[in-house]
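For reference, the chains in residue letters:
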Amino acid sequence: MMAFVVLAASIAALFGASVAIGDEPIAIAEIARVLLGEGDPVASFIVEEVRLPRAILAVLVGAALGTGGAIAQAVMRNPLAEPGILGINGGAALAALIVIVEIESPPARLLPLAAFAGALITAAAIYALAWNDGTSSLRIILVGLGLNALAGAGVGFISAFGDVTTVQQAQVWLAGSLYRADWETVRVLAVWLVLPVVGVLLAARELDVLTLGADAARALGQRVEPTSAAMILAMALISAAAVAAAGLIGFVGLIAPHLARRIGGRRSRHVLPLAALSGAALVLAADLVGRLALSPANLPAGIVTTLIGAPFFALLLWRRRDAV
Amino acid sequence: MSTLASRRLVLLGLAVALCVSAAWSLTVGTIALPLQTIVAAIIDFDGSREHLIAATVRFPRLLAGLIAGSAFAVAGAIMQAVTNNPLASPGILGINAGAALAIVVALSVVDGGAAGVYVWCAFAGAAAAAIVVYAVGSAGRGGATPLKLALAGAILSAFVGSLTTAILIFDTASLDVVRVWSIGSVEGRSLATIMAIAPYGLVGLAGALLLRGQIATLSLGPEIAAQLGQNLAVWRLAAAAIVVLLAGGAVALTGPIGFVGLFVPHAARLIVGTDYRWIIPASALGGAFVVVFCDALLRAVLPDRDVPVGIAMALIGAPFFIHLARSRTARRPL
Amino acid sequence: MPSDPALSARGASIGYRDRAVIDGLDLNVPRGAFTALIGPNGSGKSTLLRALARLQSLSSGQILLDGRALATIGPREAARRVGILFQGASAPEGMTVSELVQEGRYPHRSLFGRWNRADEAACARALRLTKLEALADRPLDTLSGGQRQRAFVAMVLAQETGILLLDEPTTYLDLPHQLDILELAGALVREEGTTVVAAIHDINQAARYAAHLIVLKDGAVVTAGPPDAIVTPALIEEVFAVKAMVVPSPVDGRPLILPLTRAEREDS
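If you read the sequences in order, they're chains A, B and C.
Quick note on the numbering used here: the first sequence kicks off at 1 and runs consecutively.
Quick note on the numbering used here: the second sequence kicks off at 1001 and runs consecutively.
Quick note on the numbering used here: the third sequence kicks off at 2001 and runs consecutively.
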């Protein structure tokens, strides 16, 4: 409970900082006035049209990445699993990139659909290629690495052929950036997230049984195949929505569930919401660091999370060196 | 026919295929040049447009493909032998990414330096990456298992890739230079660049061929090699130095062409058997053949679009990696 | 043979690809008794137990649970009536004993049902019976092999099934831990009327603890019945290809087999 409060408080603080800090600093008091509808026009515009959607998008994207990672780690029974490492985010990014580059000014609604299709195809490929003997998690990870490389090659292929300016814009999005945040993106993402997130939270207990392994889950009376398929579907939906909104923000799906387990034990009922909160805090912090570290230049949040996340992953690998 | 004779025949066949595709690659492109023109450009250069294209575009491109293809493939073969790991290759273990980062750093710090400077940066980057990945991936019980090494390589690549992107965001001038290079391309290398880098690659290849017996012994695994009286530390270090020379040099030349180092040695093993005395020369010929042939094919099929050959390699190589991961995990735990 | 078997198989066949592991097998598991499955490696003991617990589907024939076809019973209901301790169970990293045991309540809980007193009581009982109360909050990966095996037994006990299937529950355990598990199974049969079916490697242990033996060879039942009626030198030779002497145990009169050395074989 204590940890929950601390986490919530740090999200609030980061959120506040994210709205207040920038090229044009805005005092907290001024923000309050803006929210009450009494701020001056410039501050109102900056807060309402730029910083607020960006901060909210960061929270939603982080929550989505954290939840997706928690589901992946439970279903794959491997704490090193993550939609990014499995290539699911890469598949989503490739599909979205095709839409961005090949269709002139695509509507915001189309991106999540394409990303979802890409994520689902990758998930299905992992399922088909790696699932024959139950869940050999190392095979799943290796196949995921291969699919990720394939998606990367696809991205390179599209980038090499596409119109240069579109490709350049797409590349900032690909690197995992929140700079394009607007209310439309926020709305689309929120709508996409509601159903799968609520569904997975309600079925958290099924996730716990799945982590025991296919045989044990079956012995306990679970219908293993439909359950894990539904969980993977939800994971693909959630990850795809996050990728469509903010590109590839790596390693949050790995770190957030780890923090959540540190704080709240192993039960998915606790891990899922805590992972969502941790993810939100991480992306808010990464975006803030990216904006401030080399100001006035804007470092995409995805680069910040990777620079922090990759060493973290190496540490995990090191600590699990006898197991993997 | 004895195995020795048949293996020699295989190497001869590879060499012939390489020569044919090299000749073909000189003739295809936006402007098709007949073989006579190519020959004439070599023996009797007349300064005409065709001869200029042959001398300044096609020959350097061919040379870059030959050297880089051989270098990546042989580096992969050595890595697979030394780590006893079927998934090892300079691309997957992050060595290419390390070399690439070092070059990008060098480019943005001292722009306009000579190719001879960049190649040393690439060596340093490749060596650092190799050390980090091996340290992280070989810790713990079971030593350097394929899974641990592959994961360590993947995260190092992600980390280094992010650093590279971060640098490029602030240095648009370098971005322009690096954009196509970073996918792996044999296009637009000047003869001077190639001449500055080629000696390192050739030294690496010569070293690999000279030491192929030691590498074959290393491939039996540390217990057997030690039991046979091999000085493991010395020969592993020598093998690592050759890998750094080959992969670093090749990255400096063409950028990271991934997956050549993975699938060429496996293909070689299928053809000539499990003896690295044969796998290494077969990989050298096969790697050069695959890169030169694919580059020529891309130019022939899509003449108006210059597709980096690195993309084609990844599109062939990644499914192969998946296949390998599947078949290896089916048989025994990695 | 009791007229009302708890579990039975009728013409059950199970094959992996083209090879039949079990072919047209019939058997009855007597209700409320300790049944041991014995037979050499590869005789189909594990496969049979997995089929009885729905972990393995049949290629033909059927399994009857209380006279009803198992295939027509929903997975949760079946899991409330049949529990299995299978080989090679592994728990996720960091999971504690009590967390594992609580998962055993899965088939008893409705989709949104809350954790209730019956769940709590079942887990407490399972921990008590397996003497794991003191270790309840320890992560499984910090326990010894015997303790971990007991934790998985506790999970199955928390499932509160009338039928308990144990696939080689004593393998890899040292003697005291082997006896712990067998004693626990025996006590469940005596005190609660549980039906236990255990695949057991050691014929002497099987004969000692079980009231009913089912002898398997090459995926078929060779014979079944009380140990003292069916364990004979001829059976041991037929099933295990081992020459042995069978004597009544000085403790309880049950059959005790003593394999013969080569010299003794040549003498006889």
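None of these hints come from the bench; they were simulated from the model.
Treat the hints with care, since some could be wrong.
From the structure, some residues in chain A lie toward chain C, with a derived Cβ separation under 7 angstroms [unchecked claim]:
1. Ala160
2. Asp215
3. Arg266
Covered stretches of chain A, going by a simulated chain B footprint (3 or more residues, C-beta under 8 angstroms) [claimed, not checked]:
4. 65-72
5. 233-242
6. 312-319
Glycine is no exception: its CB is placed at the ideal position from the N, C-alpha and C atoms.
Right, here's what the structure says about each hint:
1. Ala160: violated (42 angstroms)
2. Asp215: At 6 angstroms from the nearest chain C Cβ, aspartate 215 (chain A) passes the 7 angstroms test, so the hint holds.
3. Arg266: holds (6 angstroms)
4. 65-72: Coverage by chain B is violated for the segment 65-72 of chain A (0 residues, Cβ < 8 angstroms).
5. 233-242: With 0 residues closer than 8 angstroms to chain B, the segment 233-242 of chain A misses the three-residue bar; violated.
6. 312-319: holds (count 4)
Checked against the numbered hints above, the structure breaks hints 1, 4 and 5 and satisfies the rest.
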